[in-house]
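Asks: Hey, can you work out the whole structure from these sequences and the hints?
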Amino acid sequence: MRKLSKLRRSALASPLLLVIALFAIGTTFSVASATNKSELTTDQRSAQIAEGKQIFLKGCSSCHGLNLEGGAIAPSLIGVGAASVDFQVGTGRMPMADMSTQAVRKKPVYNDEQTAALAAYVASTAPGPAIPTESMLNYERDGNTAEGGTLFRTNCAMCHNFAGQGGALTQGKYAPSLMGVEPKYIYEALITGPQAMPVFSDKTLTPAEKLSVIKWIKGAENEPQLGGAALGRVGPVTEGLLVWTLGLGLLIGVAVWLATKAR
Amino acid sequence: MTARERVAGTVANYVDERTGAAKWAKKNLTKVFPDHWSFLLGEVALYSFIILLLSGTFLTFWFDPSQREVLYEGSYEPLNGLHMSAAYASTLHISFEVRGGLLMRQIHHWAALIFMAAIVVHLMRVYFTGAFRKPREFNWIIGVGLLTLGIVEGFLGYSLPDDLLSGTGIRIAEAIIQALPVVGTYIAFFAFGGAFPGEAFIPRIFTVHVLLLPGIFLALITVHLMLVWYQKHTQWPGPGRTEKNVVGYPLMPAYMAKAGGFFFIVFGVTAFLGAVASINPIWLYGPYNPGQISAGSQPDWYMGWLDGLVRMAPPLELHLLGHTIPLNILIPGLIVPGILFTGLALYPFIESWITGDKREHHLLDRPRNVPNRTALGVMSLTFMLVALLNGGNDIIATTFHLGINQIMWFSRIAIFVLPPIAFVVTKRICLSLQRADRELVLHGRETGRLLMLPHGEFVEVHEPISPELAWKLTAHEQAPALALEDVDARGVRRAGGLKNKLRKRISAANAESIAKPTANDLKEIEHH
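Here the protein sequences come in this chain order: Z and B. Under the working numbering, the first sequence has 163 at position 163, and the numbering climbs by one with no breaks. For any residue, its number in the working numbering is found by taking its place in the second sequence, counting from 1, and adding 263.
In silico BS3-like cross-links for lysine-lysine, where the CA-CA straight-line distance does not exceed 27 Å:
#1 K621(B) x K767(B)
#2 K397(B) x K495(B)
#3 K261(Z) x K294(B)
#4 K289(B) x K495(B)
#5 K507(B) x K397(B)
#6 K53(Z) x K107(Z)
#7 K786(B) x K735(B)
#8 K762(B) x K397(B)
#9 K521(B) x K261(Z)
#10 K261(Z) x K507(B)
#11 K289(B) x K261(Z)
#12 K735(B) x K261(Z)
#13 K290(B) x K261(Z)
#14 K507(B) x K735(B)
#15 K106(Z) x K53(Z)
#16 K779(B) x K507(B)
#17 K495(B) x K621(B)
#18 K397(B) x K690(B)
#19 K107(Z) x K58(Z)
#20 K261(Z) x K495(B)
#21 K762(B) x K621(B)
Simulated from the structure, these hints should not be mistaken for laboratory data. Everything numeric in this text was worked out from a predicted model, so none of it was measured.
Replies: Here's what the structure looks like:
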């Protein structure tokens, strides 16, 4: 014990401890941030862009043009940004299965790596909204449910319904249900405005407000059915249907039974 | 006499000596009511009204009908810290903190939907069986009044919680008021105590919803039932049933037991729905804010047809002397409903004008035997159904992957085309059913047994029907068309020629029927 005490009082102890502490912090930080540090080297990035270009030429160029310039049936992709590609391809909306009014969410055609390559290629041609990183999407920490609800009712409910169940738009278009949509895709949809949806730039909804909206949507998604069967959360139409089928059906059934003569 | 009977007798005697109730009870408790399931539909409406009174009273204990702004600090986390009206906050309080509050709210709302649905099916029963004919025209008008008030009362209840859906409904109601030429703006300002939404509306409609309209309801329902009591219930035709008697069970004990039991069944069904199915989850809608709206904002079903009519109206506007007259709101929102409900109320008088029938009727019509009335009823229902479906056009569009514009165009055309088709088809079906009845009476029931005659011919054996059934199928009368002369006995043209002509034509169409078999027809058949 004396020996340890002596060592602690030595003149070298303070600088040595400082060096050890700095080293420990540096190491921990480099280990902890290693995932974010996996920035691709220039060579790797070039290779990814080249791969993306190949995929684009095979799978997308017939509609969007060899140089992303668009055509009669598809918009130009110059400047749409990586976020747009990640949203459209990652949710399976692109490539489209048929030329109906609206691209529907389906099983993605390309895997994560191919989607990333496509996004890198499109982003390389012109600047545009980037894919939000994990740290930008921490809605649990940075969002506020009550504020998100107010923002949702002001900006989103008129198309997506009060509970995010989706709704009809004109000419067969529709706002899809938001239930079960990954936060990343909600964020990307907000910043890129896919299909009939408007863009909600950071001036309209700040990043923190976007996270609040996402937090409210996730809350609505996970909310237990407080009053019993939710009936789709689409308002009085399903309630009226239930009254005329089950409610009145039961009551008329009982009335018939009551008026039956005893045998 | 046992001890119990002695006690009961003493009590009964005590009451009778002071009130003279025995004579009254003897007369009324033995009153006879005919028995048929369709006669119980009005009872469903009555019982759900009682449930509405009870559950509504419960809700008033905690509801705060005020638009005063409060900060929500209740147990529903997603709304915590938001500013809202006291009305909305207290509805959240009822839903989440009051014991049994959410169940009561849901029972109240489900009972309201059942109440309106029961009124409609009861009205359909009365209409299609001709139970509105003399002497019951007044009761018919009271019934139409109850239906109309029910729509208003339901709408006010839907508006009270002051959530996003409520406010949207009130906003549309305000627009319909404003669509009235000249006076609309003034009435709207008067009703809202200023500009929309103001702070006066919720307290005002609360008074109307819990005091004025329930009071009028109670009074009208009482008169409605007293008239049924006084005029006696109608009955289906059958052997031994005439225009001068009532065949059925006495009130005590059979009918009273059934009716009492039925009340608890209606309560049970309402409570069951309130317990298992969510209705109007106001916490999801959020507090009302005029700047917000939800996709798929609908009224409750009994107003859905009105919403559907407004939704299908093309954007028509008139500009007169610097005033805008929005025909796209005025026509579907006020004029068409006005015509429909006035026509409905006056129908008994219209029909008696057409048939010239001023006699009392206590025997019901089988719908097939009055093809024109039945067809008119189906035609009106078709109109309402098209309007109702268009009221839910957005939900239909997303559910069945259709375009909302196509549904709207379908409705715009169908509202004019389908009702007349429904009229013609229903009339033909009624006449065919009459033909089938005639066939059944004359030739009996097809037994499906084949018989080979000695000379090799095969015939199917027909079995004569029971006399009871034959009575039922032939008891109705078939009045000829009105013989209205264009000129009087001296060859002078009558006044009101056009009106007479119209009456003559409708009367002739109304009298179209398949001649029911007569006794002679039957005898002739037996000779063969």
